[in-house]
Amino acid sequence: MIETMSETKTALLELNNIHSYYGNIHALKGISMQIFEGEIVTLIGSNGAGKSTTIRTISGVMHPREGTILLEGQPIQHFPAHSLVSKGISQSPEGRRIFPRLSVRDNLAMGAYKRNDRKAIRQDIDRVYGLFPRLKERAKQYGGTLSGGEQQMLAIGRALMARPRLLLLDEPSMGLAPVLVEQIFEIIVRINKEEGTTILLVEQNALMALEVARRGYVLQTGNVVLHDNADTLMHNEMVRRVYLGEE
Amino acid sequence: MSIDNQVFLQNVIIGLTVGGYLALIALGYTMVYGIIELINFAHGDLFAFGFFISLTIFAKINPDIPLHGANLYLLLPGVAILTMLLTGSLNLAIDQIAYRPLRKAPRLAPLLTAVGVSFMLEAIYAIWKGPSQVPYPRYFPKEDYINNEKVISFFSKLGLDITTWRIVSFTTKDLFLFSVTIPLVIALTLFIDRTRVGKAMRACAQDREAAMMMGINVNRIIATTFFTGGALAGVAGMVWGLYINSGRFTMGFEAGLMAFTSAVLGGIGNIRGAVLGAFIIGMIKAMSDSYIGSEWTRVVIFGILILMLVFRPSGILGSTQSIEKL
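The listed protein sequences derive, respectively, from chains B and G.
The numbers in the working numbering rise by one with no breaks, and the one at position 126 of the first sequence is 126.
Positions in the second sequence are counted from 1; adding 1000 to them yields the working numbering.
Quick list of simulated restraints, FRET-style, between CB atoms:
hint	chain 1	residue 1	chain 2	residue 2	range
1	B	186	G	1116	51 to 61 Å
2	G	1182	B	133	36 to 46 Å
3	G	1037	B	139	27 to 37 Å
FYI, nobody ran anything at the bench for these hints, they're computed from the structure.
Model, not experiment: these values are computed from the prediction.
The beta-carbon is built from N, C-alpha and C at its ideal position, and this holds for glycine as well.
Given these sequences and hints, build the entire structure.
Dropping the structure here:
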């Protein structure tokens, strides 16, 4: 059975029957999901299943045509993207989207754009440097000059600078060397354990994702086809065949 | 100093003055292009608005000519600030009414709209101030620093005889123009480089959607950009009026094209490029006016524009946008 934190507790984030479109293309066909405080939830699925669209819809970059998104019970599906950051949702987007001609430090500062507590911002920058010492070495370099792995660290660090309650991570392992992937996942777990940050993790690397997540949703062509505890999903025959590459 | 050298030195001074006011206009072009990739062809007409509105404000107050005492030190900056606020607000309104509804339209749509706004503004100025040359009273006191007893005696103590420098002049007006344009150019550069809002502007220019994800209200940043660009063009129009003492409803068109050429020359979207380009174009204009003939100056400047667009569209310092698109 699914060990949710019982249905009596309100989810931190709840999607109800979300339909999103790109023009006439029906990308999300009625997605429902719940994320509870303190969890790591993963969203797995192949290319074009709607994983990134889900992230974009949650973060307000695009708006659903139908359905509701509730943040602690409050509907947010019509909120503009910039206003959701102060509500506690921040993200490391697909493709990292680092500002190429801002320094590493300024990229981090942009992550804290909505905050006014200068001293705490400075401490948080140091904290990010603690998580990713490479970023400290490159603090003054332009974001665009970093390697792929460093840009990924910067994208995650930048998202953390908002002090999010819900951190959305879109494909943090994309294009990285296996050693780096391990490192990034370790840090994701650390952020979740040490700060109690709730994380929605979108991954193509389903095995890694299911190892760190508590629960997972499997997406296929815009529908949730399966959701369960991560352990259970990892032993699910369909998941093993399709996403973990087993015959 | 020989006559030729004196002419050359005078041309350098003229080039710097022209460069200064062009820089203020070019900054607005380049900032708006950097952030929404719109070549705002109506931008030059804001320069003309600064000229006309400051003229109107002065006429209402009707101070003694030339300004002196408190009028010079308080009224003048007051009018300048008011002109900046009004011109900035006009640019902001133009963006909200004419360009914002077209934010997601193909790029040609806002471009043509900008041309339309330019025609409209010029028609309004023609009705408002008449179609002929409009005199701008000589509010700013003019005094030559070079043909001045004190300066001559100062230089002669240094062993320099400047009494023969009859052709060169450097007046209080030149100094005034520099002391407005150069600090503003520096202030804007620092604003964009150092401040939180300036960094947010750059972030929006580099990746608008990512900026949104950071919590940056992109529409507000675009509005700030239009306001700032308009304010700079407005104050440029005012100091130019005080400097040259005459203008016409079409004055913004040509100033705008020269400033646009400056922005392209430096690399459109690039703040430092716009300033560099403006001073180069100012210098070329002064030299061409003097050595080739002023009737050829437009040919020279727009020839440069065409050559740049054909052979090096990213400009001297590199257009930020085209780098991003690679």
